[in-house]
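> The task is simple: from the sequences and hints, build the whole structure.
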Amino acid sequence: MADRRETLKILGAIGSTCAFPFATNELYAQHVHDGPGTQAPAGPPRFFGEAQMKLIGCIADRIIPPTDSPGAVDAGVPGYIDFVVSRNETLQGIFTQGLAWMDEEAQRLHGQTFEALDASRQIGILRPLSDAVDAGEESGTAERFFRAIKSLCADGYYTSQAGLITELGYTGNVALAAFPECEIPEH
Amino acid sequence: MGKTYDVVVVGSGASGGTLAAHLARQGADVLVLEGGPALNTRTDFNTHALPFEFPNRHIPTMKPGKPGFDSERSRGLGGKTMLWNAVALRFSQRDFKGKTHDGAGEDWPIAYADLAPYYEKIEREVGVCGNLDGLEDLPDGVFLPPVPLKCSDVLVQRGAAKLGVKVIHVRKSTLTRQKGARPACHYCGNCMAGCDVAAKYNSYDVHLRPAARTGKLEMRPNSVVRELTVSSGNRVTGVKYLHRETMAEGEAKGRAVVVSCACVQSVALLLMSRSRLYPDGLANSNGQLGKHFIPHMTGGVQCFLSPLIGTKPVNDEGFLDHAYVPSFMHNRKRDYARSFGVQFNYQNRRTAGWTKMMPGFGEDYKQSIKDRYPAFLVFSPYGEKLPDAATYIDLDWEKHDAYGLPEARRQIVWTGHDMKIFNEMTNWSREILLASKAEILSVAKEPMRNHELGGCRMGDDPRRSVVDAFCRTHDVPNLYVVDGSVFPSASEKNPTHTMMALAARTADHIAERLRKGEI
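Going down the list, the sequences are from chains A and B. Quick note, the first sequence lines up with residues 1 to 187 if you use my numbering. Quick note, the second sequence lines up with residues 188 to 706 if you use my numbering.
Heads up, simulated DMTMM-like pairs for lysine to aspartate or glutamate below, C-alpha to C-alpha not over 25 Å straight-line: (1) B/K543 <-> A/D131; (2) B/K624 <-> A/E181; (3) B/K557 <-> A/D74; (4) B/K557 <-> A/D131; (5) B/K543 <-> A/E137; (6) B/K543 <-> A/D74; (7) B/K624 <-> A/D134; (8) B/K353 <-> A/E181; (9) B/K543 <-> A/E89; (10) B/K366 <-> A/E181; (11) B/K543 <-> A/E138; (12) B/K557 <-> A/D68; (13) B/K632 <-> A/E137; (14) B/K557 <-> A/D61; (15) B/K632 <-> A/D134; (16) B/K632 <-> A/D131; (17) B/K543 <-> A/E143; (18) B/K543 <-> A/D134; (19) B/K349 <-> A/E181; (20) B/K557 <-> A/E181; (21) B/K557 <-> A/D134; (22) B/K499 <-> A/D68; (23) B/K499 <-> A/D74; (24) B/K543 <-> A/D82; (25) B/K499 <-> A/E181; (26) B/K632 <-> A/E138; (27) B/K543 <-> A/D68; (28) A/K54 <-> B/D551; (29) B/K543 <-> A/D61; (30) A/K54 <-> B/E550.
Going by beta-carbon spacing under 8 Å, a handful of chain A positions derived as facing chain B: (31) R62; (32) T67; (33) V84; (34) L126; (35) S130; (36) D134; (37) K150; (38) Q161; (39) E167; (40) T171.
Read the hints as simulated data drawn from the structure, not as lab findings. None of the values given here were measured: they were computed from a predicted structure. Quick reminder that beta carbons are idealized off the backbone N, C-alpha and C, glycines included.
Below, the structure written as structure tokens:
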């Protein structure tokens with residue numbers, strides 16, 4: 001049986017120009033993939049202070065840690081969170097209160113800031129919040145904050161180049177000459 | 188401004204575009220007014236952008252500086268066909284005669300045989316791909332070859348088969364082979380972001396632009412129509428509009444006027460065209476305008492197909508959904524009228540909003556998402572809503588848009604009967620997915636509306652409907668409404684193919700009346 005994948009000819013990929021055999025037609029001659037310029041928000045934070053940004057990074061890397069692939073901070077998630085929160089008053093309240101709560105809770109339990117705690121103690125503070133959110137309980141300040149920062153981490157990470165391409169392995173957005181038929185024998 | 192056109196068409200989408208082109212080809216002088224700007228299909232859309240190119244990760248529809256589809260109404264030459272998913276299904280005889288079959292809702296005044304030649308005409312003209320399935324409830328057409336099913340479709344097809352439910356190749360107005368100057372689809376997966384090569388049908392590139400070359404069709408973009416004018420002799424004389432940017436007033440005169448602004452906006456335009464003859468809105472002498480609003484109701488299940496969890500991701504974007512579950516309840520025991528069908532696997536993988544719904548955090552969370560990314564699938568049943576008195580379109584005269592026009596208001600109630608279909612289609616979705624070894628992530632609990640239909644109901648009885656079997660208003664002999672608003676019953680099938688067939692049929696009717704000097 002012929003390997004169907006052999007017939008899958010990739011004419012062009014992201015960042016290149018794909019020529020179609022209609023060069024004389026003014027409209028349909030080709031389609032152009034503009035290069036994906038990553039526009040991570042540049043410059044100083046828009047809403048958060050330096051200390052808050054570090055705390056956000058610390059929590060973000062607990063939610064999506066670096067493993068054999070990049071983590072949230074590697075993917076620029078704190079900058080994305082700052083960008084989104086700077087444009088949303090509701091989130092500003094949730095984050096300001098939530099970040100303060102994290103340090104207060106760390107001080108109350110362990111006499112240190114959240115960032116200064118070791119991994120297991122940080123996870124120990126986050127776990128009950130995560131369990132509550134998974135159970136649909138999001139009414140408390142801390143739970144509401146965890147829901148918000150987890151959502152923004154997921155959105156920010158999995159739409160980043162590191163998250164979407166490197167981690168998840170997205171391979172779409174290319175021009176194929178034909179759509180390949182399913183070739184897994186047991187399918 | 189002195190010219191009187193044979194036909195003034197308000198709206199340039201699937202209905203307006205098809206109708207205007209068919210009229211121009213038959214020699215009529217046609218003017219198409221479009222509220223949105225002119226655009227260049229190839230260069231103006233963010234078709235191939237990826238989310239990380241934007242600070243907020245939201246991909247705008249239009250490229251920077253290009254006006255158009257990012258506002259509330261789908262505005263721009265081509266209307267919603269620029270962004271549609273292109274599913275093209277013929278309605279069946281049962282869809283046209285639902286009341287006869289089920290005793291509920293309304294029959295159309297036309298039959299399948301009336302529209303069949305026009306379905307074929309559209310298929311030959313624009314190119315529709317699909318398989319010949321020989322189904323009683325989903326008539327075959329003249330098709331280009333279907334696109335192959337995805338691995339995930341095959342898994343669902345096998346699961347559904349265990350329950351006696353058929354999964355077929357989807358039928359779409361997207362080219363699987365080159366057709367004239369339009370290339371075949373290149374399967375980038377971004378159909379609903381503006382197909383930059385027009386492999387997917389859009390009314391601007393496939394109908395309007397070619398027809399304009401005849402010299403018989405003129406397009407006037409940036410023209411927000413605010414009123415239809417009527418003479419004391421009960422004939423519509425033309426339209427008044429505002430320039431989209433300058434707000435300058437404009438006027439166009441026509442021997443006939445066709446309203447094709449998409450369901451809700453068509454009703455709104457007629458309702459706001461008040462005059463001495465029609466104080467409650469044009470063509471509304473019987474008070475039926477806006478009533479019998481019957482949008483499709485959709486549900487949805489998000490899931491992961493277990494056999495694909497942990498596999499290496501493949502590029503299966505294709506042209507979004509490649510398969511379809513045609514309605515199958517007509518011949519089964521049920522306690523409701525009508526039926527539902529299912530569109531599925533049309534999610535696009537360049538975003539993954541479901542990731543935030545996965546439980547937990549940390550390494551396990553990250554790994555579970557990576558494993559499930561290739562297995563994610565959306566399953567969306569579409570059900571037919573029957574008309575009811577509490578569901579209608581009207582105007583909110585207290586709220587005005589940027590042009591000072593009252594806002595259209597949708598009043599929607601899901602009746603007990605609607606909920607029977609909704610619950611049934613939700614349960615079947617779940618059963619089919621479980622039979623396909625799916626792990627379910629979420630199930631929609633309430634219906635959502637899609638495919639807006641009704642409001643200018645077509646019928647033979649002038650007391651109970653707004654337009655006749657040729658989409659001509661009962662009240663005004665040279666005024667037509669052609670779009671989804673005329674559907675007396677909605678079917679569960681995607682409506683655009685039927686709108687286009689209706690538009691072609693109405694064009695023939697108007698051309699004939701022009702030839703006879705009746706208009």
